[in-house]
Amino acid sequence: MSIPNDLRYTEEHEWARVEGTSATVGITHHAQEALGDIVFVDLPEVGRQIKKGEAIGAVESVKAVSDLFSPLSGKVVAVNTELTNLPDAVNKEPYGAGWMVKVELSAPAEVDQLLSADAYQGLLAKEAK
Amino acid sequence: MSRSPGRQGRLLAEPLLCEQSVPGRRGLDLPALDVDPVDVGKAWPAVCVRAQPPVLPEVSEVEVARHYTRLSTWNHSIDLAAYPLGSCTMKYNPRLNEWAARLDGFAGLHPYAPEALAQGALGLMHALGQGLLAVTGLDSVTLQPAAGAHGELTGIMMVRKALAERGSPRSLVVVPDSAHGTNPATAALNGFRVVTVASCPDGTADVEALRKVIDDSVAAVMITNPNTLGVFEPRIKEVADLVHGKGGFVYMDGANLNALMGKTLPAAMGVDVMHINLHKTMSTPHGGGGPGGGALCVAEALAPYLPRPLVVERNGRYALDYDRPLSIGRVRSFYGNFGVLVRAYAYLREMGAPGLTRAAELAVLNANYVRARLKERYELPYATPTLHEVVFSDKRQKDSKGVTNIDVAKRLIDHGFHPPTVSFPLIVHGALMIEPCETEPPASVEALCDAFLQIADEVERDPDKVKSAPHTTMIGRLDDVRAARQPVLTYRDLAATK
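So the protein sequences, as listed, match chains A and B.
Mapping the first sequence onto the numbering used here, position 37 (from 1) lands on 341, and the numbers just tick up by one.
Mapping the second sequence onto the numbering used here, position 12 (from 1) lands on 195, and the numbers just tick up by one.
Just chain B, same shape as in the assembly (with noise of 0.2 Å):
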């Protein structure tokens, strides 16, 4: 038996700044003006100006720095321990990356420099364009998304002007009903008309059920592979020839990238544009809603249509190429959120192809090995083989015990784990996803089968305990149904309540 993280020391309590606040405490000293003061009261309309300063924490520099620090230690991370957060591929994210990251070359550069100026972080650009190329097997990249709905959005708007320029627009996206959850938002926010398909009880996409809906009004086929339960979809090639007859084009979500890399090209498959969340499958920072990056990669029917500008390279120099009269414009400030795509690049570098390749079947051993050790205990609603995520349910534990998958997730905190993802997909009633990554130690992995049959025996033995977990975090069970029910969002609604 290993020994799982858990809790042993202390947590410091903390109240919230606003609470801490003293009147005229300063946490900084600003300099003396050096240019005439000016009247606010006189430079804007009346409209545009305070009656009264706002209401902000007057507090001290090792308030806030001990603040947030105390903060920290009440959160989890994938620096403390395993993220199992399906779905998520919440991979470790090597230092070198932040290091990359923090060279006054790339951190210190401004957006304006000229190209003459920039050559090395253009040089970089392209080099991860190229490098993301040869992962998905596509033609044409742009790094402006900045994440992995932005890059859905930005593929489908692409899709649609590709069609209108074709003089065929076209009103139909379906999507199967094991893509990510996002698609059908991106395509309703495209104005079109989703439909969307039920899997085989393989848990793959049906195929036949996919051949009567797709028809000549179709746009675009989104899917994601490998699917939500983490399953191969074997036939989407049959699909995508299915689309393509049409007059179509396939979508595929590259959030579960992570398998797939070295094994097999999204282009053979017939895919013709993708995002690739760097964030996920190239280990940049993730969770906490910091900045990401949804890299698009485009077959070359799509190519006129990517946002601009492009990074191209001429004669051994780097440029930005405006010119693309065809471009849907652009769909991000500047170039896409840049420290992502030195992590990236950075990634990239460190891996080669031969390390990319061993993560994905890392990936997918570690995933299986969890789905073996825990298939005894753990309802596995679909038994059709996964690669890099499995998906459980918590049928066993709620019909002996009344144990929900919530319930399991708010346990495994006190073993010193990030639960897993809950509820979703919605297929699967229920549903626990786990995603281990590869970068978990075998010993790691083993920890957290642990805890999950030790959560299991416990279901049986003590299931009051596992219903009121967490026990050892600093703030136990939320009620989340009153917090979305009665949300207390601002100091000042919490001010009103009090």
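So that you can see chain A by itself, here it is in the shape it has in the complex (with noise of 0.2 Å):
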């Protein structure tokens, strides 16, 4: 199971990649697989002003849609359209080329709330209980 330490997480399995007061949001590998093979990527207009915890896509496999929660607040400034062609990107590289959304920070404090790698390692352990 692949969580990478330069990552922050959600209890939702959503990661966030914080570069300054940018962040990049997708979900997790753990996610994808528990998911399956993904058909469908719903994401949210460039532009969106979104806030911490709010549903701004969809993730459709062949089992279920799963909302996609945001991490964090601020302001959608770009979309993975690439995901319009190639859902299985989220399947194969949930942390690279699956990359889903990114925001423009409004409130980069609210990083701290999110999960280190560790938290995040903790929390699959205790669900797979």
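Simulated from the structure, these hints should not be mistaken for lab results.
Among these hints, one or two may not hold up.
Taking lysine to any residue pairs in the SDA-like style, the calculated list, with each CA pair at most 20 Å apart, reads [stated by the list, open to error]:
id: 1; chain 1: A; residue 1: 396; chain 2: B; residue 2: 665
id: 2; chain 1: B; residue 1: 581; chain 2: A; residue 2: 340
id: 3; chain 1: A; residue 1: 396; chain 2: B; residue 2: 585
id: 4; chain 1: B; residue 1: 581; chain 2: A; residue 2: 334
id: 5; chain 1: B; residue 1: 581; chain 2: A; residue 2: 429
id: 6; chain 1: A; residue 1: 356; chain 2: B; residue 2: 378
id: 7; chain 1: B; residue 1: 581; chain 2: A; residue 2: 335
id: 8; chain 1: B; residue 1: 578; chain 2: A; residue 2: 431
id: 9; chain 1: A; residue 1: 355; chain 2: B; residue 2: 377
id: 10; chain 1: A; residue 1: 430; chain 2: B; residue 2: 378
id: 11; chain 1: A; residue 1: 430; chain 2: B; residue 2: 610
id: 12; chain 1: A; residue 1: 406; chain 2: A; residue 2: 310
id: 13; chain 1: B; residue 1: 584; chain 2: A; residue 2: 338
id: 14; chain 1: A; residue 1: 430; chain 2: B; residue 2: 581
Take the two lone chains and join them into the complex the hints point to.
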């Protein structure tokens, strides 16, 4: 199970890569594995103001549709349009080509509330029980 | 060891109708025109007229008859073998219902027939409504909604209107995560903010967590009882009191009513509004997307907002009451899926109150028999007692041999049964949700259990056989991922790929 140390995580299985006052967001390796083969990703419009914890999109697999929750507040500055044609990038490279949204943060202090890789690992271990 | 239906005999291959087309071939002869011909090019604006006729298959009657008959032999139906699709209540549909629905007086009745000539049909709708109210303990009913989710939509529209009329519009609908998947969609479509609340470790609604999110902005709580794990919500009355205390309403999803009939009344649990899936609980045909029935029963406070018209009885005569100024209006053309209503009424009369109670008991007994026989071999994620259905997971098969719930479900087809519901409810990873229904004879339930146990053995012995199932169907394992990512939905698309 891949959980990169340089990312922060949510209890809903999103990751955020924070660089200065912006963050790239996607779903974790565990999330894509639990969902199975992803067939469609619904992403927010660029320019939309989003709040931490808000449902900003949806990830559809052959089994189910799950909400994508924003880990942080801010403005959507880019979305990964490649996923329209190649949604399996989320399965193959959840932390790379499978990224979903870039956010310009309005409250960078929120980053401190996100889970570290260790804490997320602990959460998965607890859920597996 | 009982014998599963399995498969013996032969299936006949069958191409698409478009592939059988021969130019000029006809299945019927139209009579000569006995009116003046119309030149469509002159009668309609050019934008409405096709340059060329549509490309339709040109085939004879015998080819069409064989086409659909052959396809029907590739399929599964409740008339062939058990259909344990959890949450769907695929019970057998008695033949008597079909006889009733085909009676000329019902099947041939024009929807605009005057009330005086439609007393039988109106009387049937009135009596069916009374029967449904007896099953739920509620006060008023509409038969218009065409299926369960439509009933939900209607119910929540009524809640919204009732709150607006009261001068207290609300924004919030709360849904426990063990509720039906359509519930949040219903609330969102009505413009409500939806808050989902996680269940307790025992699979029941978390009343303390609900207490934290239910405030003065709550319009409704939508709860499914028994819930999607098949577990009865023992604290539903407490939840209802909580919601009522804040001025909101309780919507109960009636999908799982089969477990409760004659045992308890939703009204006694504090429910204000609920739909009944006539195509589940009342045995009208189901599956294949055919017409359903989502009758909606409500408490007195919501009755003024019911869709109009309502069927009423006045001095021994039946009438359609349109004089309902607070009604949300129509939700369906005419009076709902009337043929479905006839079948549901026939079912209620066949069964009677004692019969419905017995049906609930046998549905619970069959599901618990399956649970008891399979629990040593399949993981039971919630140990809480269940009613009419049981949810296992694929944990053991997946951990041991990488075999998933989908593989088990596909392999069950080779044993002659329809697969169970898979990957729902979402709160169970790799869910296998089994609802045998009361109409399965003991030998059939036994054979279903044997099939599941043989598959569990096979997972250990020959997992690849399970992973590549089904092997006995006309078409083997479908590539559902490719179908979703690169859909080919029309013959034109198909022809383009060739």
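Residue 355 (chain A) and residue 377 (chain B): Cα distance at most 20 Å? Given that 20 Å is the threshold and the Cα spacing comes to 16 Å, the pair holds.
Are residue 430 (chain A) and residue 610 (chain B) close enough, with their CA atoms no more than 20 Å apart? Holds - the C-alpha atoms of residue 610 (chain B) and residue 430 (chain A) are around 15 Å apart, at most 20 Å.
Take the C-alpha atoms of residue 356 (chain A) and residue 378 (chain B), compute the straight-line distance between them, and say whether it is at most 20 Å. With a Cα-Cα distance of about 15 Å, the restraint between residue 356 (chain A) and residue 378 (chain B) holds, given a limit of 20 Å.
Restraint check for residue 430 (chain A) with residue 581 (chain B), where alpha carbons must lie at most 20 Å apart: holds, 19 Å
Are the Cα atoms of residue 581 (chain B) and residue 340 (chain A) separated by 20 Å or less? Holds, at about 14 Å.
Residue 581 (chain B) and residue 334 (chain A) were given as a pair; does the straight-line alpha-carbon distance stay at or below 20 Å? holds, 16 Å
Below or equal to 20 Å on CA atoms is what counts here, so check residue 581 (chain B) against residue 429 (chain A). holds, 17 Å
Hinted pair residue 584 (chain B) and residue 338 (chain A), Cα distance within 20 Å: Holds, because 17 Å separates the two Cα atoms, which is no more than 20 Å.
Tell me if the straight-line CA distance from residue 578 (chain B) to residue 431 (chain A) falls inside 20 Å. holds, 13 Å
Given the hinted pair residue 396 (chain A) and residue 665 (chain B), is their Cα-Cα distance within 20 Å? Roughly 16 Å separates the two Cα atoms, so the pair holds.
Given the hint that residue 396 (chain A) pairs with residue 585 (chain B), test it: the Cα-Cα distance must not exceed 20 Å. holds, 19 Å
With the threshold set at 20 Å, check whether the alpha-carbon distance from residue 581 (chain B) to residue 335 (chain A) stays at or below it. holds, 17 Å
Hint compliance for this structure: hint 10 alone is broken.
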